[in-house]
Amino acid sequence: MSNTEYKIRTVVLRPILDPDDAQQIVENRKTSLFRSMLQKPKKTEVHIHSLKLSYEAFLILSGKYNANFYRKTVHTINVEPIVREIIVGDNVFPIKKRRFLTKEKTKLIWS
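Residue numbers (my numbering): 15 to 125.
Take these hints with a grain of salt, some might be off.
[Unchecked claim] Below, simulated PhoX-like cross-link-like pairs (lysine-lysine); rule was C-alpha separation at most 25 Å, straight line:
no. : residue 1 : residue 2
1   : Lys78     : Lys21
2   : Lys56     : Lys44
3   : Lys57     : Lys44
4   : Lys44     : Lys54
5   : Lys66     : Lys44
6   : Lys86     : Lys56
7   : Lys110    : Lys86
8   : Lys66     : Lys78
[As the list claims (entries may be wrong)] DEER-style ranges, computed between Cβ atoms:
no. : residue 1 : residue 2 : range
9   : Ser76     : Pro55     : 24 to 34 Å
10  : Asn80     : Asp35     : 39 to 49 Å
11  : Val25     : Tyr79     : 45 to 55 Å
Derived by calculation from the structure, the hints in this document are not laboratory data. Heads up, the beta-carbon is just placed ideally off N, CA and C, and yes, glycines get one too.
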């Protein structure tokens, strides 16, 4: 195994909402949960038993990875005899001609 040194970072999370602010929000909205019933209760009729703030740690990662694999292979494409070159992307491939007796055959060899 390789002996690799890693940089250790300490991250301190600060709460956006403190318990006093949470208590105030609950006090202001505690009757809205009961609106679907027949009557909306008064704030003094609804009692809060406990209030607990919990924090969840989460990690958001974003990354990008590109891998281009080039293999040296030969691809043969049969084309008509009148074709002089083939353009694929930015590359121009000339046509190689072979003669078999009296018949002319045209091939593109792409590597």
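Checked hints:
no.: 1; hint: Lys78 / Lys21; result: holds, 22 Å
no.: 2; hint: Lys56 / Lys44; result: holds, 9 Å
no.: 3; hint: Lys57 / Lys44; result: holds, 7 Å
no.: 4; hint: Lys44 / Lys54; result: holds, 10 Å
no.: 5; hint: Lys66 / Lys44; result: holds, 15 Å
no.: 6; hint: Lys86 / Lys56; result: violated, 80 Å
no.: 7; hint: Lys110 / Lys86; result: holds, 19 Å
no.: 8; hint: Lys66 / Lys78; result: violated, 39 Å
no.: 9; hint: Ser76 / Pro55: 24 to 34 Å; result: violated, 47 Å
no.: 10; hint: Asn80 / Asp35: 39 to 49 Å; result: holds, 46 Å
no.: 11; hint: Val25 / Tyr79: 45 to 55 Å; result: violated, 25 Å
Comparing the model with each earlier hint shows violations of hints 6, 8, 9 and 11; every other hint is respected.
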